[in-house]
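First to last, the protein sequences are chains E and F.
Taking my numbering, the leading residue of the first sequence gets 1, the next gets one more, and so forth.
Taking my numbering, the leading residue of the second sequence gets 1, the next gets one more, and so forth.
Quick caveat, the hints were computed from the structure, so don't treat them as lab data.
All C-beta atoms, glycine included, are put in the ideal place defined by N, C-alpha and C.
Wrong hints could be hidden among the right ones.
To be verified - Below, simulated EDC-like cross-link-like pairs (lysine to aspartate or glutamate); rule was C-alpha separation at most 20 angstroms, straight line:
(1) K348(F) with D111(E)
(2) K36(E) with E40(F)
(3) K42(E) with D147(F)
(4) K15(E) with D147(F)
(5) K152(E) with D128(E)
(6) K152(E) with D111(E)
(7) K107(F) with D147(F)
(8) K42(E) with E31(F)
(9) K36(E) with D147(F)
(10) K33(F) with E20(E)
(11) K152(E) with E106(E)
(12) K150(E) with D111(E)
(13) K36(E) with E68(E)
As the list claims (entries may be wrong) - Far from chain E by the CB rule (all over 10 angstroms, computed), these chain F residues:
(14) W37
(15) I188
(16) A218
Next come the chains, spelled out residue by residue.
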Amino acid sequence: MPVPPSDIRWVEEPKLGLAEMLYLPSIAQGMITTMKRIVQPKITQEFPEQRPQLPANYRGVHRLNRDEQGRVRCVACYMCSTACPAHCIDIVAAPSPWPDREKYPETFVIDELRCIYCGMCEQACPVDAIELTTLCDLTGFSREEMMFDKEKLLSVFDQTVQRGTDPVRTRGGRLGVASELPPEGGVTTSSTAQS
Amino acid sequence: MIEYNLVASILTIAIVFGAVQGICAYSILAERKISAWLQERLGPNRVGPLGLLQPIADGVKFVLKEQVIPDHVDRVFYLVAPSIAVVTASIALCAVPVGRTTPAPVKPWTGTVAGEQQFLAQHGPEWKQTVEQYNDTYQFMIAPHLDIGFLFIFATGSLAAYAIVLGGWSSNNKYSLLGSLRASAQMISYEIPMGMAILGVVLFAGSLNPEKIIQDQADSGMWNIFYHPLACILFVTAVFAECNRLPFDLAETEQELVGGYHTEYSGMKFAFFFLGEYTHMVTTSLLVTLFFFGGWHFWGLNFDGFLGVVFKLIIFVTKMLAFIAFYMVIRWTIPRFRFDQLMGMAWKVFIPLTLINLLATLLVKHYGLPLLVLTPISLGLLLAAGWFTLVLPPEPQRSPIPFRPTSPTARTVMR
Numbered sequence: 001m002p003v004p005p006s007d008i009r010w011v012e013e014p015k016l017g018l019a020e021m022l023y024l025p026s027i028a029q030g031m032i033t034t035m036k037r038i039v040q041p042k043i044t045q046e047f048p049e050q051r052p053q054l055p056a057n058y059r060g061v062h063r064l065n066r067d068e069q070g071r072v073r074c075v076a077c078y079m080c081s082t083a084c085p086a087h088c089i090d091i092v093a094a095p096s097p098w099p100d101r102e103k104y105p106e107t108f109v110i111d112e113l114r115c116i117y118c119g120m121c122e123q124a125c126p127v128d129a130i131e132l133t134t135l136c137d138l139t140g141f142s143r144e145e146m147m148f149d150k151e152k153l154l155s156v157f158d159q160t161v162q163r164g165t166d167p168v169r170t171r172g173g174r175l176g177v178a179s180e181l182p183p184e185g186g187v188t189t190s191s192t193a194q195s
Numbered sequence: 001m002i003e004y005n006l007v008a009s010i011l012t013i014a015i016v017f018g019a020v021q022g023i024c025a026y027s028i029l030a031e032r033k034i035s036a037w038l039q040e041r042l043g044p045n046r047v048g049p050l051g052l053l054q055p056i057a058d059g060v061k062f063v064l065k066e067q068v069i070p071d072h073v074d075r076v077f078y079l080v081a082p083s084i085a086v087v088t089a090s091i092a093l094c095a096v097p098v099g100r101t102t103p104a105p106v107k108p109w110t111g112t113v114a115g116e117q118q119f120l121a122q123h124g125p126e127w128k129q130t131v132e133q134y135n136d137t138y139q140f141m142i143a144p145h146l147d148i149g150f151l152f153i154f155a156t157g158s159l160a161a162y163a164i165v166l167g168g169w170s171s172n173n174k175y176s177l178l179g180s181l182r183a184s185a186q187m188i189s190y191e192i193p194m195g196m197a198i199l200g201v202v203l204f205a206g207s208l209n210p211e212k213i214i215q216d217q218a219d220s221g222m223w224n225i226f227y228h229p230l231a232c233i234l235f236v237t238a239v240f241a242e243c244n245r246l247p248f249d250l251a252e253t254e255q256e257l258v259g260g261y262h263t264e265y266s267g268m269k270f271a272f273f274f275l276g277e278y279t280h281m282v283t284t285s286l287l288v289t290l291f292f293f294g295g296w297h298f299w300g301l302n303f304d305g306f307l308g309v310v311f312k313l314i315i316f317v318t319k320m321l322a323f324i325a326f327y328m329v330i331r332w333t334i335p336r337f338r339f340d341q342l343m344g345m346a347w348k349v350f351i352p353l354t355l356i357n358l359l360a361t362l363l364v365k366h367y368g369l370p371l372l373v374l375t376p377i378s379l380g381l382l383l384a385a386g387w388f389t390l391v392l393p394p395e396p397q398r399s400p401i402p403f404r405p406t407s408p409t410a411r412t413v414m415r
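If we strip away everything but chain F, and leave its shape as in the complex, we get (with noise of 0.2 angstroms):
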C-alpha cells in the first residue's frame, strides 16, 4: 500500500507554509510596488535595499501593535474568525501540488474481493514493485494521492465564508455586517461556476486528482487551455470573486463600507484576515495552473533526474508567480463591479454558460469526436453569448423611487 513517510511529510508542510507565508508577504510588497508603477510613483523603497525587507518591517509592526479589541464585540467569534481565516486557506492549500507529483498507481478495477486476489496472486511482486517506487519518489505535495484532490479543495476554500461572515457579524457594526453579508452571498453564487467550471477537465482527466490532471497534460502536450478556453475565462473569472479580489472586493468596498467584514480589526487579527486572502490567492494561483495551464508542464524542459525535479518546482512557481502578478495588474484595470451586477453575473451568464459548456465536453467524449473540436465550440458559445445579450430585449426601467422632500426647504433634485 502507499506509505507515508513521516519525516518527510513534517518537512514539507514546514518548507511548504514557509513558502507559502514568504509569497505572501512578498506579494504583498509586491501589490503595493506594482500599484506604485502603475500610479508612476515609485512605493515602498526605504526598508533594505529596494524596500526588499518591508514584507518584514510590517510583519513587526503587526506584531507589536497593541491588540484592540472593541467594547461593542462578541469576544469569542471576533478573536475565532481571523484564525479560521487562515487555518482554512491553509488546509485547502493542502491538497494542492507545487511541483513534481506523479500519480499513484492504481489497481484495475475488479469489482470483487476474489478479483483483486486473483490480480494480486498473477500481478502481485510486479505491483508491489510499482508501489515501491511510487513510495520511493518525493512528492511535492503536502497530502498526496487524494483521490477526492478538487473536492477537498473547493469544501474547505470555501469554509473562508465562514471566516468573514463571523468576522462581520461579531464586530457588531453595521459596516462590518453589510460586507459579510456580500460575501457570504457572493462566495457562495461563485462557488458553483467555479466547481463546473473544471467539471470539464475532470471529464477529460477521469479523475479529481490533481496529480492526474497534471500528468495527462504533460503527457499529451496539450494544456487543458487548448480545449476549455471558455471554462478557464469563467474559472479565473469566478475565482477572482471567490478571492474577493478587485473588481469583486465588494465585501470591503473602501468607498460604502468603511473596511468591510474587517473594519473592527487591527493588528495581527487584521494581518490574519490578510494572511488567509493572500494564502487563498497563492491556491488559487496553483489550481488555475495546474488545471489549465499544465502544471509543472513545459514543453522542451521535460529532464529526468534531479534536473528534472528542479525544473518542474521553477515551472509551477514561475506560472502560479504569473497569475498573482495578473491578479494584481487586474485590480488596477477593472473598476468595481455593482452588487447586483455582479450576483446578476453569476447566476444568468456563469451557470448557463458552464453548464452548455460541460454539456459541450459530455457530448464530444460521449460521441468520441475528437477532443479539438472543443475549442471552437468554446469560442463560439462565448461569442454566442455576448451576441445573445445583444439582442436580448432591453431590460425595463425600473421605476425611480419617487422623491419626497424632507423638509420644505428642499430642493426637487432632477433625475
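Next comes chain E alone, as it looks inside the complex (with noise of 0.2 angstroms):
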C-alpha cells in the first residue's frame, strides 16, 4: 500500500555547531542523563521472593479440569494429541464408568520438557479439559520428574484453582459434543456444527 505523502515526515540531519564539535558539553549532557538512570527506580522482581503478576492467558504448566463431580473432565478423544506439535501427550483410553461418556482417559501424561507451551492442545480440546496455567516455575531432578501423568496434572488443577489465580475457562460448566454419544445412524456434520 503506498504511503501518502502527508504521512512522510523527512528529517533534517541536525548541522552540527561549536558545542558538539568540542564533544564535551555532548558529553556532559550525556553525563547527566546517565547520572539519572542511577537514581531512577529499578524495575528488578527479585523472583523466588517475588512473584510475577501474570496475565491469566499466559502459556505455563498444564492441567486437567475435573468437572462438578470432581471426575476428570477428559473424554480421551486425542484431539489435543493430534494437534501438538511436539507431540508431547500420550493418551491411553479406557471404556467410561460413567454413564455420561463413552471413554475417559486411563492414563495422561504430559512430556513438559518436551511441549513447547503453544497452547494448541488447549485449543483443541472440545471439552475443555486440558488448559494452560500461570505456573511458569517448572523445574525437576530428573526426566522422569518431568513427565506428568493424570494424578500430577489433576493436582495442579487443584493447587491453581485453590489459589486463585487461574478460573476455570469452560464453555457454560458441561462437557461438550465430543462426549455424546454418537445419535443413531451416524454422525451429521451439520448437527455439530450446530451445537
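Fit chain to chain and form the complex, with the hints in mind.
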C-alpha cells in the first residue's frame, strides 16, 4: 500500500555547531542522563521472593480440569495429542465408568520437557479439559519427574484453582459435543456444527 | 645514600598488590552494579550481603573452571600472553605512589667530583641528616625515588600491547587477530598524545619523579588541572584508549569481533587478561590523580604525624576510586567510536593539540609569565580546535563501492 505523501516526514540531519565539535558539552549532557538513570527506581522483580504478576492467558504448566463431581473432564478423544506439534501428549483411553461419556483417559501423560507451550492442546480440546496455567517455575531433578501423569495434572488443577489465579475457562460448565454418544444412524456434520 | 629496607619493601609489595587485586576484583563488581543501575536493574545481589562476595565467587569459579586450550592455537604464546598482561600491568604499578610520599633529598648539581667532595666537606653532617631523615620515613610506593618515574611507567605499561598482540596472534583466529591488530595500532597511536600531554606537567615540576610532582602541587596548593585543563582532558581521553575502555574498546568489540583478542581464552587465562586490564585502570587512575589532581594533597586536610599519613592515603585512594567510577559511567554514556575516527582523533587532533599546548607551556616558562596565563590559553586552544573543525571544508565524499550483484536474483540496494 503506498504511503500518502502527507504521512511522510523528512528529518534533516541536525547541523553540528561548536558545542558538538568540542565533544565535551555533549558528553556532559550524556553524563547527566546517565546519572539520572542511576537514581531512578529499579524495575527488577526479585523472582523467588517476588512472584511475577502474570496475565491469565499465560501459557505455563498444563492442568487437567475436573468437572462439578470432581471427575476428570477429559473424554480421551485424542484431539490434543493430534494437535500437539511436539508430540508430547500420550493418552491411553479406556471405556468410561460413567454414563455421560463413552471413553475416559486411563493414563494421560504430558512430557513437560518436550512441550513447547504453544497452547494448541487447549485450543483443540472440545470439552475444555486441558488448560495451560500461569505456573511458570517448572523444575525437577530428573526427566522421569517431568513426565506429568493424570494425577499430577489433576493436582495442578486443584493447586491453581485453590490459588485463585487461574479460573476455569469452560463453556457453561458442561461437557461439549465430543462427549455425547453418537446419535443413531451416524454423525451428521451439521448437528455437530450447530451445537 | 638512600637505603632500602628489605622488609619494608616486601611488605609494601605484598600490601600494594593485595590491595590492587582486591580493588580490581571489586571494580568488576562495581562495573556490574553500575551497569545494572544505569539499566534500571539491581545487579548481582545474591552472593553475600548486597552481593559483596560476588568477586570471591567469581574468582573461585575462574580457578575451578576447566582449562581449555583449543587445538589450533600456538601453545607457547597462547599461554604466555595472559601472564604478560598481568606482569606488565603490575610492573607499571610499582613506580606509582599510592599514599604519602616525600621527594628524596637532592644534592645541588656541582658538575665535578671535586665539587661534590667540596660540598660534602662543607655540608656533610647536614646532608647525612637529611638522608637519614628521608630513609626513616615510610614511602607509600613500591619503588620510591625513581627519577625516570614516568618514562618507566609508560614504557612498562605500554608493554601490555604485547600481551594483546601475542594473545590475538597465537589464538589462530581471525577475530582475535583483528582485535589484536586494532589494539596494537590504537595503543601505539595513543602513547604519543598520552606522553606529550603530561610534558607540560613535567616542565612545571622540572622532574619526571612522581613524588616531586605531587610535592610541587601540594606546596603551592594549586593542582595542575588549574594550569593544564586541556592537557588533563587529552590525557584522560588517551588513557581511555590506552586501557581499551569504552568508547575506545575497539580491540574487543563484541558486536564485530566476537570477543576480540580474548575470543579463544577462558577460565583463569581469561581472568588474567581481565586482571591486567583492571590493574591498568587502577594505575592510570592513580596517574591522573597524581599528575593533575594533586595526588595525596587536599586543601585543609594537611596533618602531621600518623593522622596525616592516614589522611593522605585515604585522599589518594578516594580520588583514584572516583576516577574508576568515572570510567564506568563514561562507558555507558558514549557510544563506541569507529576505528578510523579513533585513529583520526589521535593523529589529527590530539597530537597537534598536545604539541601546541606544550609550546604554550614552554613559552610561559621561558618568558617567566604568571603561570595562570596557561589556563585561558588551554581553554582557548580547545575552543580554537572546535572552531577550526567547524570552518574546515567538508571532507570529500568517498566514492561508494560499486554494487555488484552476486547472483542474477540479487536485488539492487539503494545506497
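Hint check results:
Restraint check for K348(F) and D111(E): not satisfied, since their Cα atoms lie roughly 65 angstroms apart, outside the 20 angstroms limit. As the CA atoms of K36(E) and E40(F) are separated by approximately 11 angstroms, the hinted pair is consistent with the 20 angstroms bound. Of the pairs offered as hints, the one joining K42(E) and D147(F) is violated, with about 50 angstroms between alpha carbons and a cut-off of 20 angstroms exceeded. With a C-alpha separation of about 50 angstroms, the suggested pairing of K15(E) with D147(F) is violated against the 20 angstroms cut-off.
For the given pair, K152(E) sits about 18 angstroms from D128(E) by alpha-carbon distance, which is consistent with the 20 angstroms threshold. Between the alpha carbons of K152(E) and D111(E) the distance comes to roughly 12 angstroms, so the proposed pair stays at or under 20 angstroms and holds. A threshold of 20 angstroms between alpha carbons decides the hint, and for K107(F) with D147(F) the separation of about 14 angstroms falls inside it, so the pair holds. Only pairs whose Cα atoms come within 20 angstroms are accepted, and K42(E) paired with E31(F) is accepted, the gap being roughly 17 angstroms.
With a CA separation close to 44 angstroms, the supplied pair K36(E) and D147(F) exceeds the 20 angstroms bound. As the CA atoms of K33(F) and E20(E) are separated by approximately 30 angstroms, the hinted pair breaks the 20 angstroms bound. The straight-line distance between the Cα atoms of K152(E) and E106(E) is roughly 14 angstroms, inside the 20 angstroms bound, and the hint therefore holds. The suggested pairing of K150(E) with D111(E) holds, with an alpha-carbon distance near 12 angstroms, which does not exceed 20 angstroms.
Taken as a hint, the K36(E) and E68(E) pair is broken in the structure, with Cα atoms around 56 angstroms apart against an allowance of 20 angstroms. Separation of W37(F) from chain E is inadequate, the least Cβ-Cβ distance of about 5 angstroms not exceeding the 10 angstroms criterion. Chain E leaves I188(F) outside its interface by the beta-carbon criterion, the shortest separation being 23 angstroms against a cut-off of 10 angstroms. The claim that A218(F) is not at the interface with chain E holds, since no C-beta of that chain comes within 10 angstroms of its own (minimum 28 angstroms).
When held up to the earlier numbered hints, the structure conflicts with 1, 3, 4, 9, 10, 13 and 14 and fits the remainder.
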